[in-house]
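Participant: Chain by chain, the residues run as shown.
2 protein chains.
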Amino acid sequence: MRNLNSMHLNGLRAVETVARTGSLQAAGEELGVSASAVSQQVNRTEKQIGKVLFRRTSRGLAPTEAGAAFFTRLSAGFRELDAAVGQVRQSNADTLVASVAPSFATKWLVPRLRHHFARYPNVLVRVDATERLVDLSGSDVDVAIRMGDGRWPGVDAELILPQQVFVVAAAAKAERIRSVADLARETSIDDDSSRMVTWERWFEAAGVAPVRPLQGARLNDPLLCIDTVIAGQGITLAWQLICADALADGRLAAPLPIRADLGFGFWICTAAGARPPRKVRDFIAWVREEMAETAALHARLPSG
Amino acid sequence: MRNLNSMHLNGLRAVETVARTGSLQAAGEELGVSASAVSQQVNRTEKQIGKVLFRRTSRGLAPTEAGAAFFTRLSAGFRELDAAVGQVRQSNADTLVASVAPSFATKWLVPRLRHHFARYPNVLVRVDATERLVDLSGSDVDVAIRMGDGRWPGVDAELILPQQVFVVAAAAKAERIRSVADLARETSIDDDSSRMVTWERWFEAAGVAPVRPLQGARLNDPLLCIDTVIAGQGITLAWQLICADALADGRLAAPLPIRADLGFGFWICTAAGARPPRKVRDFIAWVREEMAETAALHARLPSG
DNA sequence: TCTTCGGATTTAGATTATCTTGATGCGTAA
DNA sequence: TTACGCATCAAGATAATCTAAATCCGAAGA
Numbered sequence: 001m002r003n004l005n006s007m008h009l010n011g012l013r014a015v016e017t018v019a020r021t022g023s024l025q026a027a028g029e030e031l032g033v034s035a036s037a038v039s040q041q042v043n044r045t046e047k048q049i050g051k052v053l054f055r056r057t058s059r060g061l062a063p064t065e066a067g068a069a070f071f072t073r074l075s076a077g078f079r080e081l082d083a084a085v086g087q088v089r090q091s092n093a094d095t096l097v098a099s100v101a102p103s104f105a106t107k108w109l110v111p112r113l114r115h116h117f118a119r120y121p122n123v124l125v126r127v128d129a130t131e132r133l134v135d136l137s138g139s140d141v142d143v144a145i146r147m148g149d150g151r152w153p154g155v156d157a158e159l160i161l162p163q164q165v166f167v168v169a170a171a172a173k174a175e176r177i178r179s180v181a182d183l184a185r186e187t188s189i190d191d192d193s194s195r196m197v198t199w200e201r202w203f204e205a206a207g208v209a210p211v212r213p214l215q216g217a218r219l220n221d222p223l224l225c226i227d228t229v230i231a232g233q234g235i236t237l238a239w240q241l242i243c244a245d246a247l248a249d250g251r252l253a254a255p256l257p258i259r260a261d262l263g264f265g266f267w268i269c270t271a272a273g274a275r276p277p278r279k280v281r282d283f284i285a286w287v288r289e290e291m292a293e294t295a296a297l298h299a300r301l302p303s304g
Numbered sequence: 001m002r003n004l005n006s007m008h009l010n011g012l013r014a015v016e017t018v019a020r021t022g023s024l025q026a027a028g029e030e031l032g033v034s035a036s037a038v039s040q041q042v043n044r045t046e047k048q049i050g051k052v053l054f055r056r057t058s059r060g061l062a063p064t065e066a067g068a069a070f071f072t073r074l075s076a077g078f079r080e081l082d083a084a085v086g087q088v089r090q091s092n093a094d095t096l097v098a099s100v101a102p103s104f105a106t107k108w109l110v111p112r113l114r115h116h117f118a119r120y121p122n123v124l125v126r127v128d129a130t131e132r133l134v135d136l137s138g139s140d141v142d143v144a145i146r147m148g149d150g151r152w153p154g155v156d157a158e159l160i161l162p163q164q165v166f167v168v169a170a171a172a173k174a175e176r177i178r179s180v181a182d183l184a185r186e187t188s189i190d191d192d193s194s195r196m197v198t199w200e201r202w203f204e205a206a207g208v209a210p211v212r213p214l215q216g217a218r219l220n221d222p223l224l225c226i227d228t229v230i231a232g233q234g235i236t237l238a239w240q241l242i243c244a245d246a247l248a249d250g251r252l253a254a255p256l257p258i259r260a261d262l263g264f265g266f267w268i269c270t271a272a273g274a275r276p277p278r279k280v281r282d283f284i285a286w287v288r289e290e291m292a293e294t295a296a297l298h299a300r301l302p303s304g
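Same order as they appear, the protein sequences are chains A and B. Numbered per the working numbering, the first sequence spans residues 1 to 304. Numbered per the working numbering, the second sequence spans residues 1 to 304.
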């Protein structure tokens, strides 16, 4: 941008408009300023460029030939800018950005996205899979689905899927676990990506005397924990969403009948106080519907 | 430009620069303002667009995905503008605009232009053939070649080809004209594109008693007059440049031996007071050289 | 040739936009 | 925890830009 940085862009816009409309008056009208202002802009730009761009005639400004090629490219440039602005503005209307945890994206959202597309073909859903709790009013994220207790500042949150927490183990290992006391002999694979699910809180919510499983790996992704457990490396505390299919097909088992309610689940969140636009309300309604099936499935999960 | 007219272009430039450089500081440096100023520009632009374009991180601004496509097009647009400005600036160096009368362009300049190109292949000469006396400092015209007495305000003028004025007629008609008195029986085809050449001034300069030729057509182009005279429609006052070839090949004859000096000729003019750039000085030198041949040719012209 | 008219330009002052500085906040690295 | 880098905010200073009215200029018409 060597040439451009020393130019007044508004001057260039004035020049382009004058070239296109043929007079200062018309250009001024299009730009919403007086003809005088346009005149000054054009003159300044001519000075900056070092060439006379218009011949002043009694019925307006006519491009000099030196200017003709210039105006063509100027117009092309401004049209491109215009299109860029138009596109990014419009993209508001037809794309929806959902920020979700990677585990939720993998296990639930992405597999169902084609249903959403079938119903709302005009809306492109972009999934922003991140651990980070994004600031809904300070980013381009329209909606977030988060695991937690629903108490976040600055968001309106609706509980869409309550979750219980229970012990899971690979099928072979599960047979050795008949009671809570047996946990003390097992190695625990802990997820530290969330502060919500801990053995302490689980024993407390389950209302049983705490025992101490052996300390195994600490991973920062619940799905990683599940995979590690499936591989027979130990046990972990899980909730329905992340282990439903592994329980259903027998790769995992829930050896104990205790499903503790830690008061958490999945919430769908929008920026506080603002009525979400249509596309977001549609998306939320769609999530609720799909969630109904998921919740029913979870209720039928084998355990104990 | 529906979208663009409501935007601050400088804001867009700020956004583009930040996207490219990755931080407000760097962008500010490139734009020559403080980081704070860039921050304000970016924020305002985000407000105008209605979308958050950057994620604020502790080591700079990172584009949101919504922004990525936008920045691509923004950059393309600004590059186009930049190229346009660069081109029109540079075109100064390698094109030369010469404003000449149509008759001079046809009879002299255009036929010789290929010599100029042969010697200065980098310089594109654009011939602006117009009757109008252009304002050399208020247009993109670098040099003008004008017929007259050299007294024009605002230009530095150099006489390159003095011209005499004499009576011409088609060969057949010329035989009937033996003396000035015979002119009274002829029809005169007058050029009124210039005030310089009139029968009154010619008789005065020739120092002979005026007679009145019959009034024929009045045309606004000396070449048109010549053609009309060649067609046998009458006589006219001409000067060497416009009738040299017709005299040489016999289509025209100059029946009288009087070549009146009206004090006019062709002058090459540049904007007053300014030393012309190299390309213009080269052009003028070239014109002088070519003119030497032309003047020699004119001296050998048959007459009387 | 004179007048008139449409448009461009100039000028000065008023109004806005923009910038700078210094303070503040926030997240990462030491 | 502190320190650092960077973004942001706030207020005043500065500079760009606009408007209005007067003026200029060339073309068309009387």
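Hints may contain errors.
A pair holds if it fits inside one copy or across any two, identical chains being indistinguishable in the list.
Below, in silico cross-link-like pairs of lysine-lysine (DSBU-like), each with a Cα-Cα straight-line distance of 35 angstroms or less [to be verified]:
(1) Lys-279 <-> Lys-107
(2) Lys-173 <-> Lys-47
(3) Lys-173 <-> Lys-107
(4) Lys-51 <-> Lys-107
(5) Lys-279 <-> Lys-47
(6) Lys-51 <-> Lys-279
Just so you know, the hints here were simulated from the structure itself, not pulled from any lab data. The structure displayed is predicted, hence computed values, not measured ones.
Participant: It remains to establish, for every hint, whether it holds in the given structure.
Facilitator: Comparing the hints with the structure gives:
no.	hint	result
1	Lys-279 <-> Lys-107	within (23 angstroms within a copy, 72 angstroms between copies)
2	Lys-173 <-> Lys-47	neither (83 angstroms within a copy, 57 angstroms between copies)
3	Lys-173 <-> Lys-107	within (24 angstroms within a copy, 105 angstroms between copies)
4	Lys-51 <-> Lys-107	between (64 angstroms within a copy, 29 angstroms between copies)
5	Lys-279 <-> Lys-47	between (50 angstroms within a copy, 21 angstroms between copies)
6	Lys-51 <-> Lys-279	between (51 angstroms within a copy, 16 angstroms between copies)
In summary, the structure is inconsistent with hint 2 from the numbered list given earlier, while agreeing with all the others.
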